[in-house]
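K.L.:
With chain A's structure known, arrange chain B on it following the hints.
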Amino acid sequence: MEQTEKVVNANTSFRVKTRRGLLTPKNVPYFFIGPAFLLIMIFTVYPVISSFILSFQEVRGVEKSFVGLANYTRLFQDPIFYKSLLNTFQILIVQVPIMLLLSLLIAVGLHSSMLKGKAFFRISYFMPAITALVAASIVFMILLDENFGLVNYFLSLFGVNSIPWLTTPFWAKVSVILVMTWRWAGYNMVIFLAGLQNIPSDLYEAASIDGASKVKQFFMITIPQLKPVFIFTVVMSTIGTLQLFDEPFILTGGGPNNATMTITVYLYQAGFKFFDFGYASAIAYVLVIITAIISWIQMKLVGDE
Amino acid sequence: MRITKSHKIIVYSILVILSLYFLFPFAWALITALKTEGEAFSFPPTFLPDVPQFGNFIEAWKSQPFGTYFMNSVIVTVMTTIGQIISCSLVAYGFARYDFKYKNILFILLLSTMMIPWDVTMIPLYMEFNLFGWINTLKPLIVPAFFGSAYNIFLLRQFLMNIPKDLESAARIDGANEFQIFYKIFLPIMKGPLTLIAVLNILLVWNDYLGPLIYLNDQSKYTMALGLASFKGVHELQIIPIMAMTLVMIIPPVIVFAFAQKYIVEGVSGSIK
Numbered sequence: 001m002e003q004t005e006k007v008v009n010a011n012t013s014f015r016v017k018t019r020r021g022l023l024t025p026k027n028v029p030y031f032f033i034g035p036a037f038l039l040i041m042i043f044t045v046y047p048v049i050s051s052f053i054l055s056f057q058e059v060r061g062v063e064k065s066f067v068g069l070a071n072y073t074r075l076f077q078d079p080i081f082y083k084s085l086l087n088t089f090q091i092l093i094v095q096v097p098i099m100l101l102l103s104l105l106i107a108v109g110l111h112s113s114m115l116k117g118k119a120f121f122r123i124s125y126f127m128p129a130i131t132a133l134v135a136a137s138i139v140f141m142i143l144l145d146e147n148f149g150l151v152n153y154f155l156s157l158f159g160v161n162s163i164p165w166l167t168t169p170f171w172a173k174v175s176v177i178l179v180m181t182w183r184w185a186g187y188n189m190v191i192f193l194a195g196l197q198n199i200p201s202d203l204y205e206a207a208s209i210d211g212a213s214k215v216k217q218f219f220m221i222t223i224p225q226l227k228p229v230f231i232f233t234v235v236m237s238t239i240g241t242l243q244l245f246d247e248p249f250i251l252t253g254g255g256p257n258n259a260t261m262t263i264t265v266y267l268y269q270a271g272f273k274f275f276d277f278g279y280a281s282a283i284a285y286v287l288v289i290i291t292a293i294i295s296w297i298q299m300k301l302v303g304d305e
Numbered sequence: 001m002r003i004t005k006s007h008k009i010i011v012y013s014i015l016v017i018l019s020l021y022f023l024f025p026f027a028w029a030l031i032t033a034l035k036t037e038g039e040a041f042s043f044p045p046t047f048l049p050d051v052p053q054f055g056n057f058i059e060a061w062k063s064q065p066f067g068t069y070f071m072n073s074v075i076v077t078v079m080t081t082i083g084q085i086i087s088c089s090l091v092a093y094g095f096a097r098y099d100f101k102y103k104n105i106l107f108i109l110l111l112s113t114m115m116i117p118w119d120v121t122m123i124p125l126y127m128e129f130n131l132f133g134w135i136n137t138l139k140p141l142i143v144p145a146f147f148g149s150a151y152n153i154f155l156l157r158q159f160l161m162n163i164p165k166d167l168e169s170a171a172r173i174d175g176a177n178e179f180q181i182f183y184k185i186f187l188p189i190m191k192g193p194l195t196l197i198a199v200l201n202i203l204l205v206w207n208d209y210l211g212p213l214i215y216l217n218d219q220s221k222y223t224m225a226l227g228l229a230s231f232k233g234v235h236e237l238q239i240i241p242i243m244a245m246t247l248v249m250i251i252p253p254v255i256v257f258a259f260a261q262k263y264i265v266e267g268v269s270g271s272i273k
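If you read the protein sequences in the order shown, they are chains A and B.
The numbering of the first sequence is full-length UniProt numbering, which starts it at 1 and goes up by one.
The numbering of the second sequence is full-length UniProt numbering, which starts it at 1 and goes up by one.
Pulled out of the complex, with its shape left as it was, chain A reads as follows (with noise of 0.2 Å):
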């Protein structure tokens, strides 16, 4: 009975409110998502077009004209610019291979079921993953400093030379991609983990049935199965590493000689150096078309998913 009563009550209270209130089933969804639709306008959408106009503008303190393609034609004879954007396919080339190939192997490691301390060393490989770039990028900057650093160090201990680490073109480009499969080999290491736990072990009593050894098992169903997985990781990295910009930023600053030049780092140069935003823009556009043409281009190579 006092339940009843409670509910009742607490009908009419409502009731009244209701009617009060501006708030119907109808128009109700539009007050929960057209704040945020407002700030997409403000935050998104409106610098999206504005950008694309600012790339066929020259800006002059408040004052912009428009230059037609004077920006894209001057991107395109610009031999930094080419540099750049080497420099980066070179990186995403060796680095997302590698430390895709780093974070299977420790997943697959990792999941070998009669392993002791697991906990631990999903811990110990994940924490980079939850450091900052800018503090990881520093840390390594001094390990790797060619007098005092502590790997050059180790590696006389084995007789070799002391390496020119951060300041030579090639060895520049190791840093940056020791500092990088470091910062995201564990966590691309749990999206592999998840997707081996996501395999049916039935597969692999039926494989172990017909006799299928480990490694053939491995080949046969562990690296098929894992297939979305692997596009997920590989068009994810690859766009972070058009993107890339904190480690070779703080390392070497894009140097020596341009060549730790990211597309990023030319664009932040540009526009926050130089204050020349409409070629940033247009460097901009550029990156996006790649990006898109890239990750098109990976998805169709893989086949529809």
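Here are some chain A residues the structure puts well away from chain B; computed CB gaps all over 10 Å:
hint : residue
1    : 69
2    : 83
3    : 85
4    : 92
5    : 94
6    : 202
7    : 225
8    : 297
9    : 300
10   : 301
If you want the footprint, here are the derived chain A segments under chain B, 3+ residues with CB under 8 Å:
hint : stretch
11   : 32–43
12   : 131–143
13   : 268–278
If you're looking for bench data, these hints aren't it; they were derived computationally from the structure.
Keep in mind the model is a prediction, meaning the values are calculated, not measured.
Yeah, the Cβ is synthetic: ideal placement off N, Cα and C, and Gly gets one too.
P.N.:
For chain B alone, coordinates are given in the frame of chain A:
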């Protein structure tokens, strides 16, 4: 086939060697942060400090206004997290539980913002914030978070769509208004996914470097990331404070991670489903 002993040893040694690669930089940062200058610069390097110099941390903290940087980082992180939670829950709820005109178009518009790299919006946003007079304030880092993030909204919407419709029908019959249904019934249900969104946002924002780099000029507005990077200019002589402050900057994410490990691992792996 059973896993043999030699198998196990190989797997273990690979895992141990790799965990050295991943953990060593942390260990070295800690060891260096506790050294005297003499020890830090000796060559060949000494391994452990004779007497750990815990005072190094205090000195490093005082060498720049790190108290201010830390507070700025906390403000930005907390405010963006609040913004993300409010906005993501409202928008995801709106899309998941209602039918309305232009719903599909609006949802596609929302999702398409996910495809847009921040590189494109960087320059116009800077000009926009400049117009608002927000450069060199924390606002450019905070306010956009109140739009939420398309990715989080998408995940949250998926979660909400799995909840039976009877729930709000019953509440409506009881006379609850639409906002009460959201607030009293659905918000508590969303606690799990919202925690994940909060944690991922904390890690992302605390570690962000490019955003603060673009929008903040004045030391009094610096975040931890900028403060730490500003050591870089002075290079070798500052190894000890750099390492000390690097560790200080890592501590908050580590604490968050320790409390929310389960959510993070689920969240990261959830992204492939």
